[in-house]
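Chain residues, written in single-letter form:
Protein chains: 2
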Amino acid sequence: MDLFFEHGYDATTVAQIAERAGVTKSTFFRHFSDKRELLVAGQETLSRLLAEGISAAPPDATPLAAVTEGLRCASREMGPVSRKLGSRIKVAVAASAELQERDALKSVGLAAVMAGALANRGVPTPAARLAAELGLLAFKQGYALWVEADGTDDAGLEPYVLAALDELYAAARTLG
Amino acid sequence: MDLFFEHGYDATTVAQIAERAGVTKSTFFRHFSDKRELLVAGQETLSRLLAEGISAAPPDATPLAAVTEGLRCASREMGPVSRKLGSRIKVAVAASAELQERDALKSVGLAAVMAGALANRGVPTPAARLAAELGLLAFKQGYALWVEADGTDDAGLEPYVLAALDELYAAARTLG
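Taken in order, these protein sequences are the chains called A and F. The C-terminal position of the first sequence is numbered 174 in the working numbering, with every residue numbered one higher than the one before it. The C-terminal position of the second sequence is numbered 174 in the working numbering, with every residue numbered one higher than the one before it.
One chain only, chain A, in its complex shape (with noise of 0.2 Å):
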């Protein structure tokens, strides 16, 4: 990220990537398959815990409630790191065609585990996919603002999820 912010996402290489870091190109190579991953990493993880939370929620849970726990999953990972390095792959991400792709692939990605979740536990189609793109919105939306504000508070990042997530939803009410 430093180096990606010093000089420019596509000027920089794999092997200065790697030399910062202190590994050989290999390694580097051993758990990404190119740079542009890195600023997606942690997207299995992310997946996982937004599947296992919307899984364990209470078999009588409404679909919000069950997203609510895949977001609550999910926000309890990132920590203080995560959110400085926010701004930073913010910053990258604007920047370059190639990262706005990957970032868009991820947001899809997330949204379809969400959905498939919701459906495994028998939520209707229609149902699930808005749920899941709920959750989506109030996870990018609440990251959004958890990272602008670092600095000024100490708090988690899910409380800010949560608050996007009821805002969303009390928004669904006024659509029509």
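A few of these clues could be false.
[Stated by the list, open to error] Below, a list of computed lysine to aspartate or glutamate pairs in the EDC-like style, where the Cα atoms sit at most 16 Å apart:
| id | chain 1 | residue 1 | chain 2 | residue 2 |
| --- | --- | --- | --- | --- |
| 1 | A | K104 | F | E96 |
| 2 | F | K88 | F | E50 |
| 3 | A | K88 | A | D151 |
| 4 | A | K82 | A | D8 |
| 5 | A | K82 | A | D0 |
| 6 | F | K104 | A | D58 |
Simulated from the structure, these hints should not be mistaken for laboratory data.
Guided by the hints, dock chain F onto chain A, whose structure is given.
Coordinates of chain F only, in the frame set by chain A:
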């Protein structure tokens, strides 16, 4: 699309595409920056139509009614050729990670355009984002069903998309 279908997307070159279309490579590149862009050709038109429809809705239209106008505008532009190409595009996208990324970026872009057009109408941010996602889900779902049903009816895309929107909006009431 024929070439992608015959040889696979990865194995198809721009030279082959240009030859099959009876144009030079430089003509191809005047219209598309690379072969990937072929599959999302029309994204700008689609964005424009969605935004125009939303903007043209009566001032007192609800966010959902405005999105409905956007979807109507865009759906009316999709004719039998789009319907026929749809299943081939689906196969090509399913087989290529590169195309899935571009397709994800298209989705994110269309949602952003709709959210922007709604914000211009004074719709608050959370409601605008949510209504935009609802519109995007409806468009994608309606389009998928319309393409699947090719050959079974002569319907346009519009009724498919509006039915999907109705279904999603009904689902929104069952989430909580």
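Tested hints:
With a C-alpha separation of about 13 Å, the suggested pair K104 of chain A and E96 of chain F falls inside the 16 Å cut-off, and the hint holds. For the hint pairing K88 of chain F with E50 of chain F, the CA-to-CA distance comes to about 27 Å; that exceeds 16 Å, so the pair is violated. Distance check on the hinted pair: K88 of chain A and D151 of chain A sit about 20 Å apart at the alpha-carbon level, beyond 16 Å; violated. Under the criterion of a C-alpha separation no larger than 16 Å, the hint pairing K82 of chain A with D8 of chain A is inconsistent with the structure, at around 22 Å.
Taken as a hint, the K82 of chain A and D0 of chain A pair is honoured in the structure, with Cα atoms around 12 Å apart against an allowance of 16 Å. For the hint pairing K104 of chain F with D58 of chain A, the CA-to-CA distance comes to about 36 Å; that exceeds 16 Å, so the pair is violated.
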